[in-house]
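Given chain A's structure and the hints, the job is docking chain B onto it.
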Amino acid sequence: MKYFLRKLGQLVIVVFAVTFTVSLALGAIPYAEERIIAAKGSGAINEEEKNKLLDSLNLREPTLVQYGYFVGDLVTLDWGVTLNGNQPISSSISDGLKISLRLMIYGQLVALLLAIPAAVFAAYRSGGLFDRFSTTFSFGFISTPNYVLATVLGLLLTVRWKLFPAISTDVGFFEAPWDHFTNFFLPTIVLALPLAGTYMRLLRSDLINTLQSDFITTARAKGVSTPRILFGHALRPSLFSLVTAAAVNVGALVGGSVVVETAFNLNGLGRRTVLGIFASEFRLVQITVVVLALVYVMTNFLVDILYGFLDPRVRVGRLG
Amino acid sequence: MSTLQTAFRRRTGTLLRVEDLVTHFVTAGGVVRAVDGVTFSLDHGKRLGVVGESGCGKTILARSIMGLLPHRNVIRQGSVLFEGTELTTMSLKDRQKIWGAEMAMIFQDPMTSLNPVMKIGKQLAEPLRIHLGSSRENARAIVLKLLEDVGIPEPEKRFDQYAHELSGGMRQRIMIAMALACGPSVLFADEPTTALDVTVQAQILDLIEDQCREREMALVLVTHDLGVVAGHTDQIIVMYAGKIIEVAPTASLFSKMKMPYTEALFQSIPKLEDPSHTRLTAIGGRPPNLILPPEGCRFSPRCPYATDKCRTIEPELQAAEPDHLYACHHPVGSDRWSEVQVSLGRRPGGH
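Residue numbers (the numbering used here), protein chains in the order written: chain A, 3 to 322; chain B, 58 to 408.
Errors might be hidden in some of the hints.
Unchecked claim - Here are the computed distance ranges between Cβ atoms for each label pair: (1) F233(A) x A376(B): 51 to 57 Å; (2) E273(B) x F132(A): 41 to 47 Å; (3) A339(B) x K4(A): 29 to 35 Å; (4) G11(A) x E266(B): 52 to 58 Å; (5) D254(B) x K4(A): 51 to 57 Å; (6) S243(A) x E143(B): 41 to 47 Å.
Calculated from the structure, these hints are not laboratory results.
Note that the structure is predicted; figures quoted are calculated from it, not measured.
Here a beta-carbon is modelled for each residue, glycine too, at the ideal position from N, C-alpha and C.
Looking at chain A on its own, in the form it has when it is part of the complex (with noise of 0.2 Å):
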């Protein structure tokens, strides 16, 4: 229970930093209000509609009272709209982290399904051939860069055999599953490789050292079977490593997925963002990157506590 508090207290302050500090960015951007007015069309709106968006903006304000309008803004879900279209910005960030939600769990669920058994056998037999072929095939993946993977599986899956829509578009899995998967199975695929590549790497050299200690001896010895020595005793001590980065992704996946995005056509949020900071829709980036910030911190929240189910002795803060 203490452990959990005191991991609540770490997330509190880390929300309370990332909102200050994306506050403050505003100010530190050189002719923001001009970039505002420019992005709204200057010529088309008069000197009265330009104060007016201004002051709703509270950019003339002194930096700590911005800050509380900010937070009470983001509060209150009173996002505004973007300048381009007038579009809510909670909608736009909601469409956007759906299918970036999207992308990120299956990509997450395939890469541990390809990983976690191919890491079990390779350590198992470590040295072997399948240990040879599954580490240069990580290696391939990790070092593939994943435009040219979605291009090169674009190109034979979608254009030469077209088992796949070259464009995806969001369709919702219980309007038309099979049409759900068409379109999100490609840049799932684009996104898992690579991740299954250093999930099965990490995982792969955990698993070697566990099954060296002397408790896989005394589980060997009262004649416990192989699979159930590999998956009952060696996995759970062996996943830190791979908890560990699979919760790095979550984020990195969430608001950076964009390569995969823009190559698929899918309006997901890292793809937003870029946009937005083109366009200069600070307002709808200042709002995603907080967003962002409480997907990591809340995966990394998940995750402290999870590390405490992995290993007991976590719990009475011996390992950290």
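Below, chain B alone, put in the same frame as chain A:
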């Protein structure tokens, strides 16, 4: 192993017969001859001590007998007959049915031998669930009884604890309980007290002895400490450089030891009657390199009685008495031995 399980459990006669057992490891530096032709047998309910310095092959011997060693880069030869069944040619699946059920093992370091992320109770119940197919509740009841038998207070509480919440002595008791769970007919104890406090060592040894007697279980006690085997075994094997160099019933080994090596081990134990600050007689040098063992008698480079014969001709095991074998050209009590004792200023014949 249905033959083993259904067979009438003989509680007398030969339990284990090890014949010319060889375990060599193929390494980058050469072939390590860890166990190099070991032959002995063990009767039901008997307690056997295996003594020797670190690195002389005791642990590998115990693991070779069970078949617990990895497959790759290991050369094995010889035979292990366990209740008449050959173990060396048995498949892994079949050996897994014997491990924990018919033969069990406890290890040197109880701090690392228990799974750190699995509750004690679950680890203890595992052999019962695997080998006897016990239900969860049934296994729990047996485990609680086992914990009580090995002297663990508050078994109910311990059942749901993790290894890091227990002391070293307690953990070794847990290991013993785990080994006893399915009622094996032989227990291999590999340096079971080496990692423990001196005060706890005696308790653990007594516990092992009590349990062996109560369950009519044979014991193979591997240790570097002659003091440990002295009080807790019926027969002792002294190993050096992968070979047996002396075998004798415990009492006659201590009273009529033949091997200079055994003598040297014995002299390196502090004795109560020695005046304080007496220097211990250590054995000079180190155990030999098992990749290139010395020619002739493997102990000859460190032996005060060694002659040219020792350095060229390897002595065979010979019988001093029917149950006392040794492998030496100049055993304790021989002319050469007396000569050297005199030149060292010792009184021959007295230890």
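Comparing the hints with the structure gives:
1. F233(A) x A376(B): 51 to 57 Å: 52 Å Cβ-Cβ, so the 51 to 57 Å window holds.
2. E273(B) x F132(A): 41 to 47 Å: holds, 46 Å
3. A339(B) x K4(A): 29 to 35 Å: violated, 51 Å
4. G11(A) x E266(B): 52 to 58 Å: holds, 54 Å
5. D254(B) x K4(A): 51 to 57 Å: Violated - the Cβ-Cβ distance for D254(B) and K4(A), about 31 Å, lies outside 51 to 57 Å.
6. S243(A) x E143(B): 41 to 47 Å: holds, 43 Å
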